[in-house]
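Numbering (our numbering), first residue to last: 1 to 218.
Since the hints were made in silico from the structure, they are not lab data. Any given hint could be a false lead.
With a cut-off of at most 25 Å between alpha-carbon atoms, the simulated DSS-like pairs for lysine-lysine come out as follows [said to hold, decoys possible]:
1) Lys56 x Lys189
2) Lys189 x Lys137
3) Lys64 x Lys189
4) Lys64 x Lys140
5) Lys56 x Lys24
6) Lys56 x Lys137
7) Lys24 x Lys137
Per label pair, the in silico range of CB-to-CB distance [what the hints assert, rightly or not]:
8) Val62 x Pro159: 34 to 44 Å
9) Gln190 x Tyr43: 33 to 43 Å
10) Val129 x Tyr43: 37 to 47 Å
11) Ala114 x Gly44: 32 to 42 Å
12) Gly44 x Gly5: 18 to 28 Å
13) Lys189 x Gly5: 32 to 42 Å
14) Gly44 x Gly175: 46 to 56 Å
15) Ala131 x Tyr176: 17 to 27 Å
16) Gly44 x Pro122: 43 to 53 Å
All C-beta atoms in this analysis are idealised placements derived from N, C-alpha and C, irrespective of residue type, glycine included.
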Amino acid sequence: MWPNGSTLRVSFIGGTQYLRDKVKQYATQWLYYVNLHMEFIEYGEADIRIAFMQGKGSWSMVGKQQGASFCNQWEPTMNFGWFNNNTEESEFSRTVLYEFGHALGCLHEHQSSAGAIQWNRPVVEQYHVHADWWTPKQVKQWVFDRFDGTMTQFTVFDPRSIMLYMVPPEFTYNGYSTGSNWFLSETDKQFITPLYPRNTLTAPPPPREPPHRIPAAH
Numbered sequence: 001m002w003p004n005g006s007t008l009r010v011s012f013i014g015g016t017q018y019l020r021d022k023v024k025q026y027a028t029q030w031l032y033y034v035n036l037h038m039e040f041i042e043y044g045e046a047d048i049r050i051a052f053m054q055g056k057g058s059w060s061m062v063g064k065q066q067g068a069s070f071c072n073q074w075e076p077t078m079n080f081g082w083f084n085n086n087t088e089e090s091e092f093s094r095t096v097l098y099e100f101g102h103a104l105g106c107l108h109e110h111q112s113s114a115g116a117i118q119w120n121r122p123v124v125e126q127y128h129v130h131a132d133w134w135t136p137k138q139v140k141q142w143v144f145d146r147f148d149g150t151m152t153q154f155t156v157f158d159p160r161s162i163m164l165y166m167v168p169p170e171f172t173y174n175g176y177s178t179g180s181n182w183f184l185s186e187t188d189k190q191f192i193t194p195l196y197p198r199n200t201l202t203a204p205p206p207p208r209e210p211p212h213r214i215p216a217a218h
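Input sequences plus hints: build the corresponding full structure.
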């Protein structure tokens, strides 16, 4: 976690001004619920360094492990590997909120012990190995492994969490499934607020439904 009240310095490595503005637009939605601030900078040391390396996936280091002292300043701590100037608004919302959730210290909802998803492991592994070029070890680490109370302050499983991978029915033995999530859920907000508490919260404007929904990328 970051020290409560911190100002996180955020920089970009490449990317068009349009893509940078979209990242800012959705990343700052987290700030309505936490006692943190973001400063987007052009020069100097940054805590979060965002790249747009195509074909490299979308990912983020988790929490303070990505800080200025963790790796070289020219190395990204977050990447958006499929964004371009034609990306749907819904995909900007989903992916930026998700990756910045990781940056603030949130873990995967589908790995919560409260969820107990009955994964069809061979199907899930085959999908991610072929679609995302993950190794079986990475599938285990990012999908199957479960967090307990010693690793995360998990709540009741939240199928609306922004930190949840979409689960199609063929991924589970019992046909359980979830859809794609595009906004912070009420549980996301209730979870993050006590981690970075402040006296009062600024009420955000109600979220606007994205004009188009597209299949979620993993």
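Hints, one by one, checked against the model:
no. : hint                        : in the structure
1   : Lys56 x Lys189              : violated, 29 Å
2   : Lys189 x Lys137             : violated, 31 Å
3   : Lys64 x Lys189              : holds, 20 Å
4   : Lys64 x Lys140              : holds, 23 Å
5   : Lys56 x Lys24               : holds, 21 Å
6   : Lys56 x Lys137              : holds, 18 Å
7   : Lys24 x Lys137              : violated, 33 Å
8   : Val62 x Pro159: 34 to 44 Å  : violated, 22 Å
9   : Gln190 x Tyr43: 33 to 43 Å  : holds, 37 Å
10  : Val129 x Tyr43: 37 to 47 Å  : holds, 40 Å
11  : Ala114 x Gly44: 32 to 42 Å  : holds, 41 Å
12  : Gly44 x Gly5: 18 to 28 Å    : holds, 20 Å
13  : Lys189 x Gly5: 32 to 42 Å   : violated, 19 Å
14  : Gly44 x Gly175: 46 to 56 Å  : holds, 51 Å
15  : Ala131 x Tyr176: 17 to 27 Å : holds, 20 Å
16  : Gly44 x Pro122: 43 to 53 Å  : holds, 48 Å
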